[in-house]
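Build out the structure end to end from the sequences listed, making use of the hints.
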Amino acid sequence: MHSLRELQRRFVSALLWENAGLLTNEITADGIEPVQRLQIYRNNARIGFLTALETTFPVVARLGGKDWFNQTVWRYQQQHPSFSGDLHHAGELFADYLARELSGSDYEYFADVARLEWIHQEVLIAADSTPLDFSSLQSIPAADHAKLRFRIAPAARWVRSRFPLLAIWQANQPDADETTSVDLGSGPSNIVAMRRNDHVELRECSDAECVMLQALANNLNLEAAAARFARDLPDDDFSATLLQLAQRELIVDFSIDK
Amino acid sequence: MNAGPRVLGSGSMPAHAGIGLRAQHHDALLEQRHEVNWLEAHSENYFADGGAQLDHLLKLRALYPLSLHGVGLSIGSTDPLNREHLRKLKRLIERSEPALVSEHLSWGSAGGVYLNDLLPLPYTEEALQHMAARVNEVQDFLSRRILIENVSSYLQFNDAELTEWDFLAELAQRTQCGLLIDVNNIYVSARNHGFDPKTYIERVPRDYVGELHLAGHSINRYGEKEILIDTHSTHVCAEVWQLYSFALETYGPRPTLIEWDTDIPALPILLGEAAQADRYLENARALAA
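Residue numbers (my numbering), protein chains in the order written: chain W, 55 to 312; chain G, 3 to 291.
Hints are computed from structural coordinates only; laboratory data are not their basis. Honestly, I wouldn't trust all of these hints.
[Claimed, not checked] The calculated SDA-like cross-link candidates involving lysine to any residue, where the alpha carbons are at most 25 Å apart (straight line), are:
no. : chain 1 : residue 1 : chain 2 : residue 2
1   : G       : K61       : W       : D252
2   : G       : K227      : W       : S183
3   : W       : K120      : W       : D84
4   : G       : K92       : W       : S183
5   : W       : K312      : W       : D198
6   : W       : K120      : W       : A153
7   : G       : K92       : W       : D182
8   : G       : K92       : W       : I179
9   : G       : K61       : W       : Q175
10  : W       : K120      : G       : H234
11  : W       : K201      : W       : L287
From a predicted model like this one, the values you see are computed outputs, not experimental measurements.
In structure tokens form, the structure reads like this:
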């Protein structure tokens, strides 16, 4: 008999990488081959993982079809097994995996759809917050404005894609018109996902909003954010973009450098 | 965590039937006060930092007694206990103030890889010592008693030194944890491995039993042999109801959960199963009086 640690290591290997031979001598047959008994557990582990990913990535599953999705998720599980007792994390690397697997194919856009679906899930379970009351900034001397750091709503994420992502997502919702077609070549898109009233709002946003969101997410103060913005988008209006984020209730707090 | 006896039993959970809480039923349970004695939620479904799921749970908690039932802590694993998981569980306990908190007599990860399943332990002294240390560690971290549930199993290890019921009983005595006895799991494992389910029930010390579970299962065939699979996808079968009756005779009335996790039915069907369990509990109370 192996130690408990070794037994468990072999069990994982038997289920995930189909090395059942590592364990068969440890298991009582009693009329059913140990390999078949292990197969029951392998099926359970596969189904649990698959169900979690189907829940997180319904559009990718719909686009790829049941057989493709099942096989893809199993290969993904073998390469990137769950690292948490909470299966909500299981799809964290799925978009990157699809990007590698589908690179150069006609289905490269699946990876970006997966990114959108992943941020959709993140937004659903992120912390609650209330939008910043900008009147609270009135007490900050103008000379200190450059030192302000704004915090983005925890339940907000964004994704940039060279595909028309929102149109793809909308066309693959359960209540979508089945006859709708999307031209994959119709251009890039940026999507911001934000939770409002218990549901996730997806909307297209500008390059300027994305650059601003990223600068604030990187915890840059306004002086540094403005410099970054001017470098990346010299023709866009920094103040107007910041105001736009505020109006969309994407900013929830601020701090000021000492 | 062996310093001094703990208060055994079921805390403030009523010895009535409850149902497993599933997202599909959140709205129905919130809109109208149903004849539900209590709810049991899978802890990991509510580990979120915020959002609607968590908000619904806390609103439901204001209406119904709550039990938190974990499936992902992997207590029996030889990996270090997942502190992040424990912290989230503790935060959820603080937020929702459940009457009961439970986990499983199983493991689900090794070498940092999770299979997210309830995998069987070898019933050896080594595993017992390990499991007892881990249950103590969890109870210390959470500063509360937990219940440990028996799982269905589809294999046995050649070198087992103890029966599952003796393993469970010894675990409870060493750690003063409570026991969540899943009657369907006993029935499934008894059929799969050929032991008498009543012996199992009789050998579990009644004072440690804080909760019972009931669920449905499916039957798979392998040549001449059958394997029962704990699917939680259908009604409780007649044989399990009979075994439940025996469990109530043995332990007395205990909070009892109807588990139904896949092919989840409409709420009235779940409530019907719970009403059935309540009739058994009523009989048990009458017998005990």
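Kindly indicate which numbered hints from before are broken by the structure, ordering the numbers from low to high. 2 and 3
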